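S.K.: Sequence:
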Amino acid sequence: MTITKITDAYVRYYSDNEETKVYVEWESDAGTSGRTEGKLWPCEHTPLSAHMTALFARANREGIPIRGETW
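Residue numbers (this note's numbering): 1 to 71.
Worth double-checking, as some hints may not be accurate.
[Said to hold, decoys possible] Here are the simulated DSS-like cross-link-like pairs (lysine-lysine), alpha carbons at most 25 Å apart as the crow flies:
no., residue 1, residue 2
1, Lys21, Lys39
2, Lys5, Lys39
3, Lys5, Lys21
Keep in mind the hints are simulated off the structure, nothing from the lab. Since the model is a prediction, treat every value here as computed from it, not as a measurement.
Based on the provided sequences and hints, a complete structural model is requested.
M.R.: If you want it as structure tokens, here you go:
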């Protein structure tokens with residue numbers, strides 16, 4: 001399976017537990033869709049995993065606005 005299209009990207013802050021997560025929604029060449037999620041770490045060196053960094057970079061390159069949410 002290969003991700004063919006990024007459909008959404010966002011950062012969500014959960015006020016109840018003060019956790020921040022990042023999400024990328026996508027479609028694949030197999031006709032499926034899904035969501036990849038990860039934590040946004042409060043660290044200056046590696047705030048995102050390499051995989052999430054690549055997905056966010058791709059979303060940015062494809063013109064998908066990365067929005068922020070607070071829940």
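S.K.: Enumerate the violated hints, using their earlier numbering and listing them in ascending order.
M.R.: Every hint satisfied by this model.
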